[in-house]
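Asks: Given the coordinates of chain A, assemble chains B, C and D onto it according to the supplied hints.
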Amino acid sequence: MYVGRRTFLKSSGGVTLYALVTAAGWLDAEEALAQAWNKAAFDTHSLGDTLHALGGGEPTQSKDIEFVQTPEIAENGAVVPVGVTSRIPKTESIAILIEKNPNMLAAVFDIPTGTEPVISTRVKMAQTSNIYALVKAEGRYYVAAKEVKVTLGGCGG
Amino acid sequence: MGEPMKIRATLTGDATEVKVLMNHEMETGQRKDAQGQTIPAWFIQTIGVTWTGKTVLSAQWGPAVAKNPFLSFKFKGGAKGDTLAVRWVDSRGDQRTDEAIIA
Amino acid sequence: MNRRTLLAALVGIVIAPLAGAQASTSDEIAKYRAALQDGNPAELWEARGEDLWKQKRGPRAASLERCDLGSGPGVVKGAYAELPRYFADADRVMDLETRLVWCMVQLQGYTEAEAKKNPFGSGSDKRSDLEALTAYIAVESRGVKMNVPLAHSKELEAYRIGEKLFYYRGGTHDFACATCHGEDGKRIRLQELPNLMTAEGAQKAYTTWPAYRVSQGELRTFEWRLHDCFRQQRFPELVFGSDAAIALTMYLARNANGGVFDAPAIKR
Amino acid sequence: MRLCLRVLTLAALIGAGCATISSDKETGEKAASVLKSSFKPAGQAGLDRLDQDDTQRACSAALGKAVPKELAAQIEQANVATIRYPSDGQLLGDWRNGEKIAQEGRGKQFSDDPKGPVGANCYACHQLSKTELSFGTIGPSLYQYGKLRGASGEVQRYTYGKIYNSEAFAACSNMPRFGYKGILTEQQIKDVTALLLDPASPVNQ
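Residue numbers (the numbering used here), protein chains in the order written: chain A, 1 to 157; chain B, 1 to 103; chain C, 1 to 268; chain D, 1 to 205.
No lab work stands behind these hints: they were computed from the structure. Note that CB positions come from ideal geometry on N, CA and C, so glycine has one too. Among the clues, some could well be false.
Stated by the list, open to error - Derived Cβ-Cβ restraints for the label pairs, each shown as a range:
id, chain 1, residue 1, chain 2, residue 2, range
1, D, P41, C, N118, 17 to 27 Å
2, C, E200, A, G57, 33 to 43 Å
3, A, E147, B, K54, 48 to 58 Å
4, D, K25, B, A41, 56 to 66 Å
5, C, K56, A, G48, 56 to 66 Å
6, D, G182, C, S122, 31 to 41 Å
7, D, P114, C, K31, 16 to 26 Å
8, B, Q30, D, A200, 28 to 38 Å
9, D, Q74, C, G109, 55 to 65 Å
Unchecked claim - To be clear about the criterion: a stretch of chain B counts as covered by chain C if any three or more of its residues have a C-beta under 8 Å from a C-beta of chain C, and this derived list gives those stretches:
id, segment
10, 2 to 9
11, 52 to 63
12, 89 to 100
Pulled out of the complex, with its shape left as it was, chain A reads as follows (with noise of 0.2 Å):
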């Protein structure tokens, strides 16, 4: 795939975290498999659309939520490696958002009794944003922010 020359993208502003409204954990149902895709929830465009589509309730802001394994600058924006560990009791569903993506929300977890609250995956992120980790446990919210800067590196067109 030749894609055309695009430039590195200045690392965006310090974003201030106005308030979330975040994921209820409407995956109750312990019946994992034949569960539906939340489609609304994946289909909103603003950080606040995307929670309100989870049904979610306002996010307090949490240190007990830790990035891993999450460098600061991805060498390329087709995959990026997000981790991230809940120390908050009885976390139920963690979910990776990416601010600035055409969609916000990527994934979400659920997390049965017995699994541990970490969680690593790969993401794609369309240029430099803030990565939010949503975590619910026992009904209430709280989230957490990491940037990463993209680089589009390369030697021609």
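Replies: The following block gives chains B, C and D in isolation, referenced to the frame of chain A:
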């Protein structure tokens, strides 16, 4: 549908660490091919991981999950020789289940 | 100091780029690659390559398990670290891909054209068998020291031709491999360039191909690396498995001798 | 099996094996024929692109070492003669278009549409404006190029000439000969010259 997943399930202490690599294009629907035609969206939507019948993880993914997805997590319990099954369903309704033995 | 040399000297004034910021960029990019190496998607190609190696296929319904990659029929362990090399049965120096094509023809009965038909795969509907086989053979040399022989005169000849090609300037832009790979610490944009004229540079570069290219979501081999470099050099298209590809590979693989092979790796 | 051994130029490599080891000249000829048989035309890139002019041949033969002084002088002499300055005498174009040309990495590749954009990809090898962090280091930084030199007629002629044919001023330069090899149009070279010399250009802020 497609190629088998690569699943590694290893018992470490009292927990089983699971690492999965899946073969999937994860098309976002925003890409164009060489002739300028938009390539339609096609991505894994739901994941289910079960250990001897019990769900140890379930997830819903959007097209922002990277191509050839990678997933890693841990759950308490599991014993050497137990069976672990990983199942995905994508936006075309294709699905795939692969199993691995906990080492 | 005549006028022109004075002006030329002025051009040479180097405004120190923001070295501090750039140094941390390469450290972070190294962390980025390390995070992806654990669970490198190349493993999917390695698994498919192992299947293809063992499956009975082709007109003769035979597997490749008797294919001699230079370390004895069917021996895969460490074979890639000693390639390219001279093969008496073909009376020719061959790199891995060319040798695989040879075995697909000799053992499985494919025509050469059939064996070579899809060297660079794209997506799930146009997968390349050669890329999968190469990933499997390569991973079987991980941790092995590069030890490319120059015992036969044709190996030496390939090496010396490879050297000439490495410095061959051509095309609209006068580029040769040496233009970008001839000095330490050089970059194209933020893309660091190994200096292939030093043993250390050659080792670092050659031992990390084939690699999973995150920008394409595909595993690419060293043949592809040469093919795509010549494209950007504004040359005509390099023929897959051609003498020039093999000679250049011989030159770089031999220069990497002593380096510990560590592929498939992760690349942009 | 007659084994003959010739002392090789590459001291570290002792050639054994059954055939005579070819001399450096013979290897050169073999390399040329290997080249011709190893490429195929594609898109806008025909096999003619493998043919070398005297400058390319001399610089390639140096195998990465500096060419001897007198040969360098001959190369620069031959390349100075190829420079065509604009008939209207106007050497500075539009620096805004110059920045686009400096950013554009496509042009002349066999994968490029012949009618598509042709750039100079200057950022691949040079730092130019301060704001572009993704720049290369194969060539020297050109940040504040005009601020340091002013934009006198002499500096304009040198800068325009260097872009037109870099080897007129530095034999075997790594920089493409944008004008002489027909990569950039006269207007494009004027625009890049402006990017370097125009006081309003981001290069000079």
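Asks: So, for every hint listed, does it hold in this structure?
Replies: How the hints compare with the structure:
no., hint, result
1, D:P41 / C:N118: 17 to 27 Å, "holds, 21 Å"
2, C:E200 / A:G57: 33 to 43 Å, "violated, 57 Å"
3, A:E147 / B:K54: 48 to 58 Å, "violated, 38 Å"
4, D:K25 / B:A41: 56 to 66 Å, "holds, 60 Å"
5, C:K56 / A:G48: 56 to 66 Å, "holds, 58 Å"
6, D:G182 / C:S122: 31 to 41 Å, "holds, 32 Å"
7, D:P114 / C:K31: 16 to 26 Å, "violated, 42 Å"
8, B:Q30 / D:A200: 28 to 38 Å, "holds, 37 Å"
9, D:Q74 / C:G109: 55 to 65 Å, "holds, 57 Å"
10, 2 to 9, "holds (count 4)"
11, 52 to 63, "violated (count 0)"
12, 89 to 100, "violated (count 0)"
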